[in-house]
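Number of protein chains: 2
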Amino acid sequence: MHVAIPLYPRFTALDAVGPYTVLAFTPGWSVTFVAAAPGPVTDDRGSLAMTATASFEDVPRPDVILVPGGPGTPAAMADEALLSWIRAAHEHTRWTTSVCSGSFVLGAAGVLTGRKATSHWGWADQLPAVGALHVKERVVVDGKIVTAAGVSAGIDMALTLLAEATDEETARIVQLAIEYDPLPPFGGADPHTAPAARREAALGLVS
Amino acid sequence: MHVAIPLYPRFTALDAVGPYTVLAFTPGWSVTFVAAAPGPVTDDRGSLAMTATASFEDVPRPDVILVPGGPGTPAAMADEALLSWIRAAHEHTRWTTSVCSGSFVLGAAGVLTGRKATSHWGWADQLPAVGALHVKERVVVDGKIVTAAGVSAGIDMALTLLAEATDEETARIVQLAIEYDPLPPFGGADPHTAPAARREAALGLVS
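These protein sequence lines map, in sequence, to chains L and P. Letter by letter, the first sequence follows residues 1 to 207 in the working numbering. Letter by letter, the second sequence follows residues 208 to 414 in the working numbering.
No lab work stands behind these hints: they were computed from the structure. Predicted, not measured: the structure shown is a model, and the values here were computed from it. Worth double-checking, as some hints may not be accurate.
Unchecked claim - Some chain P residues near chain L, calculated using beta-carbon distances under 7 Å:
no. : residue
1   : Met257
2   : Ser359
3   : Leu366
4   : Asp388
5   : Leu390
6   : Ala408
7   : Ala409
8   : Val413
Even glycine gets a Cβ: it sits at the ideal position worked out from N, Cα and C.
Given these sequences and hints, build the entire structure.
Given below as structure tokens:
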């Protein structure tokens, strides 16, 4: 299975690297980072550049596309080279996926019309603006479209995808390999029950 | 607070990018990826290159060092440029940290002697070989040394570190920003209760 992850300026690194690590660790799966042109692409913090090793033209028919989110999403939603690659690749993908605001990029490419999807809690309720139906879940599977909530949700999305594409045991093996037995020091972080001041402070960090 | 993450060939990307994302999202914190020389460094899958923007000499006194693990660890444990940078930086750090087999690199640099530490479940019991006392926890804090279990544990480690270095609310705000409300599709992945066949298959993926 060949996965292509498009990079664009100001993507959020963990959106890409969480699911990348899950899928690239899977036997028989490979991942290619793509962009308009090969070369380094800088993330949203300005402190991490990851290298796209192929152009969009080089990878026209990946089995899976996985679009990360980040503060660069609004610009990505107007990037016709990226959108037309997604649109054309999606016709042949086995799975079309996103993390965080990456679902808005999928939506801008026109592939979410009438489909169930999710995104970061801060703006997931705006998904109808790109034609999608917002479902308040961490990972949403609608046919071959699989979308994740914010940033770290990409890890859970990739494990879900992996189980759908292979089997539960394969997903569990990879999960054990990356020791994903999460134990956040103060418990979970449910955005729907978090205090308003914390929500506001958190949104300030991701906008 | 200035964090330096050394990259070396065949590091595991999520080891670095999980805690990077937590710490780089924190107001007032910045992260620099360092290596023997600036430039791209390729990960353990051979499919992701991340750019070190500074050399070891450029960043002699970071507040925090965070050493990722990966299949490249044995070579890193014999890399004198890396080890001597860790040794010298550690004298002045506020925190010295690692993820996964990165604790063995810290050990090879001589900074874990008699200290409590952890690592990936596959080889954490070998920590005494580098002078450390193995503690079977996901995140181990011993004074200014903070070590994490395998790969994804770096996210929990970074949140723990952040709470220690600032306060609990700051860590919770960042956690909410990256929507770290983990929900692995099949529950946790406790290596100590996993079936032997799954353990063996998982170890095959990370060795």
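Against the structure, the hints:
1. For P:Met257, the suggested interface contact is upheld, since its CB lies about 6 Å from the closest CB of chain L, less than 7 Å.
2. Residue-level restraint check for P:Ser359 holds (minimum Cβ-Cβ distance to chain L is 4 Å; threshold 7 Å).
3. Among the interface hints, the one on P:Leu366 holds; its C-beta lies about 5 Å from the nearest C-beta in chain L, closer than the 7 Å criterion.
4. Evaluation of the P:Asp388 hint against chain L yields a held restraint, the C-beta minimum of about 4 Å falling below 7 Å.
5. Of the supplied interface hints, the one on P:Leu390 holds, with its beta-carbon coming within about 5 Å of a beta-carbon of chain L, less than 7 Å.
6. Taking 7 Å as the C-beta contact cut-off toward chain L, the hint placing P:Ala408 at the interface holds, the least distance being around 5 Å.
7. The interface hint given for P:Ala409 is met, as the beta carbon of that residue sits about 4 Å from the closest beta carbon of chain L, less than 7 Å.
8. At about 5 Å, the closest approach between the beta carbon of P:Val413 and any beta carbon in chain L falls short of 7 Å, and the interface hint on this residue holds.
Violated hints for the displayed structure: none, as all numbered hints are satisfied.
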